[in-house]
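Based on the hints, put chain B in the right spot on chain A.
Residue strings, one per chain:
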Amino acid sequence: KNQVEQSPQSLIILEGKNCTLQCNYTVSPFSNLRWYKQDTGRGPVSLTIMTFSENTKSNGRYTATLDADTKQSSLHITASQLSDSASYICVVNDNNNDMRFGAGTRLTVKP
Amino acid sequence: EPEVTQTPSHQVTQMGQEVILRCVPISNHLYFYWYRQILGQKVEFLVSFYNNEISEKSEIFDDQFSVERPDGSNFTLKIRSTKLEDSAMYFCASRGTVSNQPQHFGDGTRLSIL
Chain A
1 KNQVEQSPQS LIILEGKNCT LQCNYTVSPF SNLRWYKQDT GRGPVSLTIM TFSENTKSNG
61 RYTATLDADT KQSSLHITAS QLSDSASYIC VVNDNNNDMR FGAGTRLTVK P
Chain B
1 EPEVTQTPSH QVTQMGQEVI LRCVPISNHL YFYWYRQILG QKVEFLVSFY NNEISEKSEI
61 FDDQFSVERP DGSNFTLKIR STKLEDSAMY FCASRGTVSN QPQHFGDGTR LSIL
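Here the protein sequences line up with chains A and B, keeping their order.
Under the numbering used here, the residue at position 88 of the first sequence is numbered 88, and the numbers go up by one with no gaps.
Under the numbering used here, the residue at position 2 of the second sequence is numbered 2, and the numbers go up by one with no gaps.
You can trust all of the hints, since none of them are fake.
Quick partial rundown of chain B residues pointing at chain A, CB under 10 angstroms, derived from the structure:
(1) Q6
(2) F45
(3) E56
Hints are computed from structural coordinates only; laboratory data are not their basis.
Nothing here was measured: the structure is a model prediction, and the numbers come from that model.
C-beta: ideal position from N, C-alpha, C; glycine also.
Okay, chain A solo, but in the shape it has when bound:
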C-alpha cells in the first residue's frame, strides 16, 4: 500500500537550535515529494519540492534531502525561530499526481 510515514510525531526544541524531521515512503511510481508547513488553524503551505533526480534543496533555513533509493526524505531546520512552531507534512506524488499525505510532525519551538 502506498504510504508516507513521518517521524517523530512531535518534537520540542529550544529557539536557535537545529532539528531534522524524517519522512519514509513506499509510494510508487514516485513523481515528487513536497514538504508543507501547516500553522495552527491555517492551510498547508508548500516549502519545497524534491524530484527524483534531486538530492538536496534549500529554502532559507529549511533544507530538504531526498534519497530515492531508500525512499527517505528529511527536512532540516536551522537556527529555529518561534514562528517555526507548526506541523510539517511530507506529501508524496505518484505519476498520476495523486498526493499521499503523511500524518505530520508537530514542532514546538520554545524560547
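Chain B in isolation, oriented as in the chain A frame:
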C-alpha cells in the same frame, strides 16, 4: 500574492442538514481540490476537479458529497445530509497548469456537526 479563500471559517450544523462550503481558488488556476482533516489526524484527499468535471475522488467522497463550480470564480463542496463524523476541517486547494506547481491551500472551514 494571490490566495485561495474559503468561507465560512467555521460552520456549525445540525446532523442531517445540508451544508455548502465555499472556496474561491486563485484566478488563473484550473485544477481544484477538496481535502478534509479530522482533528489530530492527517489531511485526506476528497476530490479533484478539472475542466468542469470530477477528475478523481476518494472512498470518502460518497454520494452524500458533491462539488460544483457554479460560476467562473467559486468552487463549492456540498454535503447533503451531514453526519457527526463529517466534523473536520475542510481545505480547498487549487493549482496552475505548469508541471510541478504546488497546490495552494485555503485556510479551511471548520465544520462542526451537532
